[in-house]
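When you get a sec, could you build the whole thing from the sequences and use the hints?
First residue of the sequence shown: 1, per full-length UniProt numbering; consecutive thereafter.
In short, the hints are calculated from the structure, not lab data. We put the CB at the ideal spot given by N, CA and C, even for glycine. Treat the hints loosely; a few may be bogus.
Claimed, not checked - As a list, the in silico BS3-like pairs of lysine-lysine whose alpha-carbon atoms are at most 30 Å apart:
(1) Lys283 - Lys89
(2) Lys89 - Lys49
(3) Lys362 - Lys283
(4) Lys78 - Lys89
(5) Lys283 - Lys387
Stated by the list, open to error - The following label-pair restraints were derived from C-beta to C-beta distances:
(6) Leu281 - Val390: 44 to 50 Å
(7) Ile349 - Tyr61: 37 to 43 Å
(8) Leu225 - Lys89: 44 to 50 Å
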Amino acid sequence: MVRSSWRFWGWVLGLLFLSLRPAAYAAEYRPLPPAPRAGLTPDWLIFDKSRNRLVLYLPDYHPPAHAYYQWLSIRPNKPLRISFTAREKLSLFLDNRLVFSARTPASYTVDLAALLPTGSQAGSHLLCVWQPEAIPNLTSFANAVPLVKAKSGVAVAPILTAQPRPRGHQGQNVFVGFLLLLGLCYGGLRATYQPGFARIYQLEGLWGKGAAEQDFLVKPTLTWLNLVLVLLFSLSFALLLVAIHTNIQSIVILRRLFDVAESAIVVRVLLYTALVAGFVLGKYLFLELMGYIFDVTELVTIQYREFIRTSLFMGLFLPVVMLLYLGLNQRLPETVLWVSNGVVSLLLIGTVLRVGRTLNRKASLLNLHLFSYLCATEVIPLIILLKLIVFTY
Numbered sequence: 001m002v003r004s005s006w007r008f009w010g011w012v013l014g015l016l017f018l019s020l021r022p023a024a025y026a027a028e029y030r031p032l033p034p035a036p037r038a039g040l041t042p043d044w045l046i047f048d049k050s051r052n053r054l055v056l057y058l059p060d061y062h063p064p065a066h067a068y069y070q071w072l073s074i075r076p077n078k079p080l081r082i083s084f085t086a087r088e089k090l091s092l093f094l095d096n097r098l099v100f101s102a103r104t105p106a107s108y109t110v111d112l113a114a115l116l117p118t119g120s121q122a123g124s125h126l127l128c129v130w131q132p133e134a135i136p137n138l139t140s141f142a143n144a145v146p147l148v149k150a151k152s153g154v155a156v157a158p159i160l161t162a163q164p165r166p167r168g169h170q171g172q173n174v175f176v177g178f179l180l181l182l183g184l185c186y187g188g189l190r191a192t193y194q195p196g197f198a199r200i201y202q203l204e205g206l207w208g209k210g211a212a213e214q215d216f217l218v219k220p221t222l223t224w225l226n227l228v229l230v231l232l233f234s235l236s237f238a239l240l241l242v243a244i245h246t247n248i249q250s251i252v253i254l255r256r257l258f259d260v261a262e263s264a265i266v267v268r269v270l271l272y273t274a275l276v277a278g279f280v281l282g283k284y285l286f287l288e289l290m291g292y293i294f295d296v297t298e299l300v301t302i303q304y305r306e307f308i309r310t311s312l313f314m315g316l317f318l319p320v321v322m323l324l325y326l327g328l329n330q331r332l333p334e335t336v337l338w339v340s341n342g343v344v345s346l347l348l349i350g351t352v353l354r355v356g357r358t359l360n361r362k363a364s365l366l367n368l369h370l371f372s373y374l375c376a377t378e379v380i381p382l383i384i385l386l387k388l389i390v391f392t393y
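Here you go:
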C-alpha cells in the first residue's frame with residue numbers, strides 16, 4: 001500500500017515537471033522588445049495604401065512620397081533637438097498633430113520634446129515630415145548637437161560626438177560624370193570648329209555690333225555644329241533643373257506631366273534634355289506661325305538666329321552653377337537657390353532683351369504691330385517659363 005502511494009505521487013510530480021518545462025523554455029526564449037530610439041535614424045517609413053500600414057522606405061525601390069514617418073522615443077522633460085533644411089510649407093506632425101510649419105526656406109533646429117502636445121506621456125511617438133507638392137529633403141534631417149551651459153568661471157571642454165558622414169545629393173556621381181562629358185565636348189568642338197565656335201562664344205560681340213555677330217546672323221542656322229551645341233545647352237540646362245529644382249524647389253508641373261522616379265537620375269536628365277532641345281528647335285515653327293499671323297515673316301529667320309546665338313552663349317555659364325551647387329548645396333542651400341534662380345532668370349530675360357534689340361535694328365519697336373508680335377513670341381513665353389522654372393511656389 002505504501003509502495004503504491006509513492007508510485008502515485010511520483011507520477012504526479014513527473015507530469016507536473018513535464019508540464020512546466022515548455023513554459024520555462026518559452027519564458028527563456030521570448031524575444032525582447034525593440035530598444036526605443038533616442039533620436040533620428042536614416043530609416044524612414046512611408047504609408048503603403050495597398051496594405052494600409054507603414055513600411056520601410058527604400059530609395060532605390062519606392063517612388064518618392066510627400067510624407068515620411070519615424071517612431072521616436074520622446075520624454076516631455078528631456079530635450080530631443082533635430083536640425084533640418086526646410087522649404088516653404090514643410091510641416092512636422094507628432095501623433096497626427098501639427099506642431100511645426102516652415103514659412104520660408106531656411107535651416108531650422110527644433111526641440112521635439114517641447115513640441116509635444118500638452119498632456120503627452122513619455123514613450124514612442126510618431127513623427128511625420130510632410131511637404132505639399134514637393135519632396136522633403138530627408139538627407140538634411142539629423143540629430144542636433146546638445147548644448148552645454150558652462151558654469152561661470154569654469155571652462156568646459158568641447159563635446160566630441162561621432163557624426164555620420166554627410167551624404168551628397170542623390171546621383172551626385174551622375175552629375176559629375178555629365179559635367180565631365182560637357183567639358184570634353186565643349187573642348188573638342190572648340191579645337192575642331194574654332195571659327196564657328198568663335199562666332200557664337202565671343203564676349204566682346206555680345207552687346208556690340210561686331211563682324212562675328214553679323215556673320216552669324218547671315219549664316220545658316222541648322223548646321224551640325226549648331227545642333228550639337230543645342231544638345232549640349234539642353235544637357236546643361238537639364239542638369240540644373242534636375243539638381244537644383246528637384247532637390248530644393250521641385251518643378252511641380254513637370255512632375256505631374258512626366259512621372260519619373262527620383263532615383264532614376266539619368267532618365268530624368270535625359271528626359272529634361274529632350275524637353276529643352278524640343279523647345280529650342282520647335283520654337284522656329286512657333287515663330288513661323290506667329291510671323292504668318294502678324295505678317296512679319298521676313299523677321300522670323302533673324303529672330304530665331306539671334307535666339308539661338310544668345311541662348312548658346314549664356315548657356316555656357318550653366319555648368320558653373322552646377323559646380324556651385326555640388327560644392328555649396330549642403331552648407332548654403334538658400335544661397336545656391338538664389339544664385340541658380342538668378343542665373344536662369346538672367347538667361348531668359350537676357351535672351352528676350354537681345355532678340356528685341358536685334359529686331360529693333362531691322363524695324364522700330366515703336367510700331368505697335370511689331371511690338372505686339374514681340375510680346376506674343378518672346379514676352380509671354382518668358383513669363384510662362386519664369387513661372388514654370390523659377391517661381392514654382
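These are the hints, each one checked on the structure:
A threshold of 30 Å between alpha carbons decides the hint, and for Lys283 with Lys89 the separation of about 36 Å lies outside it, so the pair is violated. For the hint pairing Lys89 with Lys49, the CA-to-CA distance comes to about 24 Å; that is within 30 Å, so the pair holds. For the given pair, Lys362 sits about 20 Å from Lys283 by alpha-carbon distance, which is consistent with the 30 Å threshold. Simply put, Lys78 and Lys89 have alpha-carbon atoms about 27 Å apart, close enough for the 30 Å limit, and the pair holds.
Between Lys283 and Lys387, the direct Cα distance comes to roughly 18 Å. Compliance with the 30 Å bound is thereby established for this hinted pair. Between Leu281 and Val390 the Cβ separation comes to about 23 Å, which falls outside the hinted range of 44 to 50 Å. With their beta carbons about 42 Å apart, Ile349 and Tyr61 fall inside the hinted range of 37 to 43 Å. Our hint of 44 to 50 Å for Leu225 and Lys89 holds, since their Cβ atoms are close to 45 Å apart.
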